[in-house]
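*Asks:* Residue-level listing of the chains:
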Amino acid sequence: MNDPNARTSVEPIPEEKTFLDASELVINMGPQHPATHGVLRVILKLDGEKVLGLECVIGYLHRGIEKIAENRTYTMFNPYVDRMDYVAAVSNGLGYCEAVEKLLNTEAPPRAKYIRVILTELNRLASHQLWLGTHALDIGAMTPLFYTFRDREEILKIFEKYCGARLTTHAFRIGGCQYETYDGFEHDVRNFLDFFTPKIDEYEELLTTNRIWVRRTKNVGVISGKDCIALGVTGPVLRASGVKWDLRKAQPYAAYKEFDFDIPVGENGDTYDRYLVRMAEMRQSMRIIRQAVDGLPDGPVMAKIPKVLKPPVGEIYHSIEAPKGELGYFIVSDGSTQPYRIRVRPPSFVNLQALDVMCRGALVADVIAVIGTLDIVLGEVDR
Amino acid sequence: MLPITTLHFLVVAAALFVLGVIGVLTRRNVVIVLMSIELILNAVNLNLVAFSRIWGLHGQVFAIFVITDAAAEAAVGLGILIAFFRNKETVNIDEVDLLKW
Amino acid sequence: MISSIIAAALVQTRPPADMQPVATPFFFYMLSGLMILGGLAVITRKNPVHSALALIVTLLGQAGLYLMLYAPFVAGVQIILYVGGIMVLFLFVIMLVNLERTQQEKSFNKQWVIGFAAAAALGVMFVSVYVKGRALFPELPVAPLEAENTQRIGNMLYGNYMFAFEIASLLLLVAIIGAVVMAKKRI
Amino acid sequence: MLNYITSYLDKTVQTTPGQAGNLFWALVYILFVFGGVSLAVVGMNWLERKILAHMQIRLGPMRVGPHGLLQPIADAIKLILKEDIIPANADVAVFWLAPLIILLAVFSVYCVVPFGPTHAITDMNIGILFMLGVSSLGVLGIVMAGWASNSHYPLIGALRSSAQMVSYEVAMGLAVVSAVLMTSLNPTGTGTLSMIGIVQAQYAQHVWFVFKFFPLGFIAFGVFAIAMVAETNRAPFDLPEAESELTAGFHTEYSGLRWSLFMLGEYGAMIAVSSIAITLWLGGWMRPFPNLLHGAAFDLAFSLFPALTFFGLAAMTFYSTAHMPKHPFFRLQTLGLGAFGALFALIGFILLIPQVFQRVQDIFWFIAKIAVFMYLFIWYRGTFPRYRFDQLMKVGWKVLLPVGLGVLVLTAIVGVMA
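Residue numbers (the numbering used here), protein chains in the order written: chain A, 101 to 483; chain B, 726 to 826; chain C, 3 to 189; chain D, 10 to 427.
You may find that some hints are simply not true.
[As the list claims (entries may be wrong)] DSBU-like, lysine-lysine: derived pairs with alpha carbons at most 35 Å apart: (1) D:LYS335 / A:LYS257; (2) A:LYS257 / A:LYS344; (3) D:LYS335 / A:LYS261; (4) A:LYS150 / B:LYS813; (5) C:LYS48 / D:LYS91; (6) A:LYS145 / D:LYS407; (7) D:LYS59 / A:LYS299.
Read the hints as simulated data drawn from the structure, not as lab findings.
Bear in mind the structure is a predicted one, so any value in this text is a computation, not a measurement.
Model the full structure from these sequences, guided by the hints.
*Replies:* Quick look at the structure:
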């Protein structure tokens with residue numbers, strides 16, 4: 101469990117006299133709390149409203165997904181990964197499929213790779229929309245939630261048309277995609293892009309220059325790039341702290357090498373920068389999708405792979421840039437049909453470590469904002 | 726019933742004053758002692774306003790000054806109380822026996 | 003000079019003919035009964051929060067009595083300052099220093115007998131003064147003009163009592179600083 | 010007895026029942042005002058949900074009655090029938106008293122709200138002082154509720170909200186004083202604290218105080234308008250009830266009827282502070298532009314407004330009745346909506362009777378102004394995020410207080426010069 105005092109980059113809780121010396125107030129937030137995004141339990145040590153330290157208690161949603169993998173074949177385990185980060189199920193599937201493909205030494209055909217990019221980036225948009233809505237709701241702005249859900253619906257419709265599922269899509273197969281795109285897929289995606297471009301401006305109009313929003317998020321939950329790296333924090337949180345690190349550029353996977361896009365980077369590493377970075381990321385995602393749709397090659401969507409997968413003995417680590425950060429799969433194969441061990445490096449779990457660092461000295465209300473800005477999904481934290 | 730005269734108000738004020746004095750002299754909790762002092766001040770105020778019915782508005786003006794005074798007294802008194810509580814973890818007036826801490 | 007002011011005040015305090023307060027004795031006895039019950043509760047309750055609430059009842063009753071004495075401005079100030087300000091401060095502090103331990107201890111100190119005796123003596127003194135000196139209080143069941151009350155108090159505050167008023171503001175300033183100095187952990 | 014009752018209706022008695030000492034009519038007015046406020050709260054509940062829903066591209070209540078019109082009644086029944094839970098370690102007496110104190114504080118304010126020159130329960134010489142004082146009693150109820158629940162979240166919520174209300178009362182008071190100062194700008198130089206007197210002063214000076222000494226009156230009004238949102242604990246100052254932080258603030262442990270009393274208090278307080286703002290700055294019961302557009306024709310045109318408003322409402326209702334789905338499943342709903350339309354039309358026709366509209370138009374304008382404020386309250390809630398506690402305090406003490414003081418001083422200077 102997280103021991104708040106074992107951190108290197110955080111000063112220890114000061115031994116000053118607190119709260120009339122009677123006692124420091126210890127408040128238990130969650131696991132049933134509207135702002136902890138699921139079943140996160142946070143034990144807050146407060147001095148009045150000031151946070152002296154906090155401890156995350158996780159595991160309320162633990163389903164043993166990694167253990168389940170040891171009793172499933174590689175193909176059978178594929179749907180399970182959708183249940184980790186359920187708001188970005190497509191990304192999870194992509195990471196897993198690519199990891200196994202790497203283990204098998206095969207590669208998906210180019211058309212499959214393009215479809216993967218399109219769906220993954222759409223999923224990134226959906227995930228960021230959900231984040232924006234809930235984050236704004238936590239800070240007290242109710243309305244963006246409904247706007248983002250309206251627009252997220254369009255993405256889910258595309259998913260539904262493509263593979264029949266909306267949330268836990270299981271869109272990809274090892275070796276490519278199971279389905280060819282449906283008729284009008286490209287049209288739908290282009291339509292969505294045209295529909296969604298003004299919507300991002302709409303969100304920004306509501307929040308970006310709103311004085312209260314700026315006050316609530318500027319200089320809140322500041323974390324330096326150095327601390328981020330020390331804690332293993334990745335994704336938009338890392339980029340908002342000024343570190344230009346995006347796996348899509350750094351270790352290109354799928355077809356990302358072929359697209360032209362920027363990595364938005366923040367400066368201060370505060371909540372407002374994370375907000376701006378994610379908003380910019382949404383625009384970049386749309387750029388990628390447009391390029392991918394325009395350049396969608398013809399060809400098969402499935403590589404030639406054996407019916408029964410028996411990867412050679414060995415181990416592989418493959419990571420992708422999920423909406424929340426680096427999502428890595430470490431797979432150990434003993435040459436049988438079932439993996440010997442699968443270990444997932446979930447971005448939410450690692451990012452959650454930064455909560456304590458970001459909240460020291462802040463107020464209770466900031467803890468809410470910071471939990472929101474970390475964009476954690478408890479399904480992924482607990483697995 | 727008798728018409729209400731000034732004396733009626735004075736009797737009520739006297740009763741409140743006595744209650745306040747009892748509170749100050751017998752309670753151990755500093756907060757309640759402070760509240761008893763407020764009772765005493767209010768008894769005085771009632772007297773002043775009752776007399777102002779006879780002698781003009783000066784009594785009411787004085788009552789306002791007394792209320793101001795009570796506000797100042799409450800603020801400082803409670804401030805002292807908090808400082809005291811922080812050091813001794815008690816609000817008993819019996820234990821206020823240090824000249825310096 | 004003072005006598006002339008008093009005379010002027012007396013002249014102006016003729017009751018308006020059409021303004022007869024309703025059921026005055028009833029309200030008086032009800033309010034004063036409430037006040038005394040509240041006062042009793044203040045000094046007898048073990049829990050300071052209950053004491054504070056009883057004190058609030060007393061203060062509100064007193065505001066009613068002020069209205070009955072044709073002192074609406076003082077009544078308003080009483081409600082705003084006492085009930086809305088001072089008592090909230092009290093409740094705040096009680097919540098900050100509320101200890102379970104306090105409520106298990108004895109609430110009266112050792113010299114309570116002497117305290118009661120002294121208070122009783124004081125009460126007897128009051129009674130004797132009021133009984134003996136009844137004639138000293140002229141009974142004028144007059145009602146000063148309610149309509150000009152606020153205005154005339156304002157005139158007095160900024161006229162006769164200007165200096166006292168300024169001193170009071172200084173007192174409040176000192177009290178603010180004092181309270182901050184006392185209550186702050188570290189300055 | 011009958012004489013006593015009818016004597017107040019005499020045309021020569023141009024005063025409120027409280028001042029006339031007429032107990033019967035005072036009681037009638039009290040019943041009217043309190044019943045009206047309770048009804049308005051119920052209506053507000055529905056309107057807030059509908060307006061907020063439409064701002065957020067959803068429909069809001071649609072099931073109970075046509076367009077969810079009966080939803081508040083269903084809610085009320087649900088709340089009354091709900092189990093009333095009192096936490097085991099709560100201080101029962103204080104727990105019981107807290108919602109009642111809040112209600113008492115809120116409803117006492119309405120004693121002096123002037124809905125018209127004679128349409129008030131009573132008029133006090135210290136009217137505005139009384140209003141501020143009584144509304145500050147609401148803090149006590151909140152503190153009591155938070156403390157009596159014997160739980161961390163309500164306690165923090167109560168401390169927050171009492172600190173907030175006490176802080177914003179200061180700015181509010183300063184803004185009020187600058188308005189009161191404006192009432193004294195007459196030949197005799199005597200101002201007034203009475204609510205009716207303040208409106209009459211605006212009438213006598215031919216200007217709503219919000220436009221007086223532009224922009225001084227406007228700034229004072231702005232300070233008050235911000236402070237009153239904070240005072241009623243509404244968004245963006247709804248920290249005591251910050252759902253995402255403190256679950257529900259000071260009334261976390263309350264349920265059922267007692268919780269609904271808190272809601273009644275909150276909405277009642279919103280209406281109360283709005284009516285203070287309207288009385289002080291927006292000309293109270295006076296119709297818009299009383300001097301710019303005066304004359305018999307304009308008087309008649311404006312006095313027909315109430316009836317026209319209700320006709321408009323009726324037309325809207327009939328329009329949506331005609332557009333209801335034709336399926337037999339919706340027959341009852343369609344009929345109900347039609348009935349609502351008929352009710353509005355009936356009220357409109359009643360308001361066309363000269364004796365009625367002449368007596369009622371003051372009340373209508375006052376209520377129309379309140380409605381604008383209520384809409385603003387809802388709009389804020391749909392738009393703004395929530396302030397953090399220290400930022401809220403900063404706004405109160407470092408922005409509103411100096412601005413209020415400055416406006417007060419400037420108003421005094423300009424008033425003396427004028």
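*Asks:* Each hint should be assessed against the structure and marked as holding or not.
*Replies:* Going through the hints against the structure:
1. D:LYS335 / A:LYS257: Distance ~30 Å between D:LYS335 and A:LYS257 Cα, so the pair holds.
2. A:LYS257 / A:LYS344: Status holds; Cα separation ~33 Å.
3. D:LYS335 / A:LYS261: holds, 33 Å
4. A:LYS150 / B:LYS813: holds, 24 Å
5. C:LYS48 / D:LYS91: holds, 34 Å
6. A:LYS145 / D:LYS407: holds, 29 Å
7. D:LYS59 / A:LYS299: Given pair D:LYS59, A:LYS299 holds - Cα atoms ~23 Å apart, limit 35 Å.
In summary, the structure agrees with every hint in the numbered list given earlier.
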